[in-house]
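Enquirer: Okay, here's what each chain looks like letter by letter:
2 protein chains.
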Amino acid sequence: MARIATVITDDFEDVEYTDPAKAFKDAGHEVVTIEKEQGKTVKGKQGDANVTIDKAIDDVSPNDFDALFIPGGFSPDQLRADDRFVKFAKHFMDEKKPVFAICHGPQLLITAKTLEGRDVTGFKSIQVDLEYAGGKVQDKEVVVCQNQLVTSRQPDDIPAFIEESKKLLK
Amino acid sequence: MARIATVITDDFEDVEYTDPAKAFKDAGHEVVTIEKEQGKTVKGKQGDANVTIDKAIDDVSPNDFDALFIPGGFSPDQLRADDRFVKFAKHFMDEKKPVFAICHGPQLLITAKTLEGRDVTGFKSIQVDLEYAGGKVQDKEVVVCQNQLVTSRQPDDIPAFIEESKKLLK
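Just so you know, the sequences run in chain order A and B.
For the first sequence, our numbering assigns the number 1 to the initial residue and increments by one for each residue that follows.
For the second sequence, our numbering assigns the number 1 to the initial residue and increments by one for each residue that follows.
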């Protein structure tokens, strides 16, 4: 079963964390939430979900995880202002481990400069950013690139996002 | 005196609106707030400022304004998901009217594809986006490009942002 690093902070899009996290856990995988501070509770932007942080970014190595999950909302933009999260995300892209990013999640992958030539999608507001970053942007509910990178646009896309993500977990 | 279009929605960075808006008004200029809906009250992300919207985007023409002001926070990313605001911002860049964008404000200018070859700065999290968009990014408190575009990074930069912006208003 896979150990999934989940980078998340305040103002994440509630269901973009809760629904995939539940589906991954139900399939027997481990979801480990990572932020600056272990034990902190981060809050969704809709006020529907609170998440307790399992590990501080300083206490984890990307080598200890099989996959990376980046929920959307305003969380990814805050994470990418911190170089530790950018470096952490870059590891999964460089090592071709599965990466699941929804909505604003791909923002972290732009800052890590890992999207050149990759098939990708994201929330409407970041689609021009993705193009400029060298991504081949498709306006579809889910885009799977090289059997490694799974991206989706918005909460409506969650079922397709979960289905394709689970296929890459062993 | 100048008429300044100010595009703003919820979760703007409070002082990045209030301080420049006060300075512009004190200097005799008119600040017109524009969002989707006239009369709506939009709220700052820190909970310190509420702004009543003067005009709906559908009821204004960019031709009626001398300059554009884009406060930061999570407001610009929401505005750029709406093509009407992208088109509105593009007018000021195309017509070389003064544009003042702070923090995440330049995100709207990226989506309008107006930053290629321009000297620019922005909040740390969007600096890679600005580079990819063809901007010549400088990590300085204020960057003035071609006597037309004024950009700053964060609340600390507000005094310099106001000073350089006011120089371009007649």
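No lab work stands behind these hints, which were simulated from the structure alone.
Computed from a prediction, not measured in an experiment: that's the story for all the values here.
A hint or two may mislead.
Because identical chains cannot be distinguished in the list, a pair is counted as satisfied if it fits within a single copy or across any two copies.
[Said to hold, decoys possible] Within a straight-line C-alpha distance of at most 20 angstroms, the following computed EDC-like cross-link-like pairs (lysine to aspartate or glutamate) qualify: (1) 22 to 58; (2) 140 to 82; (3) 43 to 10; (4) 25 to 119; (5) 45 to 11.
Enquirer: Taking the earlier hints as the rules, which of them does this structure contradict?
Expert: 1 and 4
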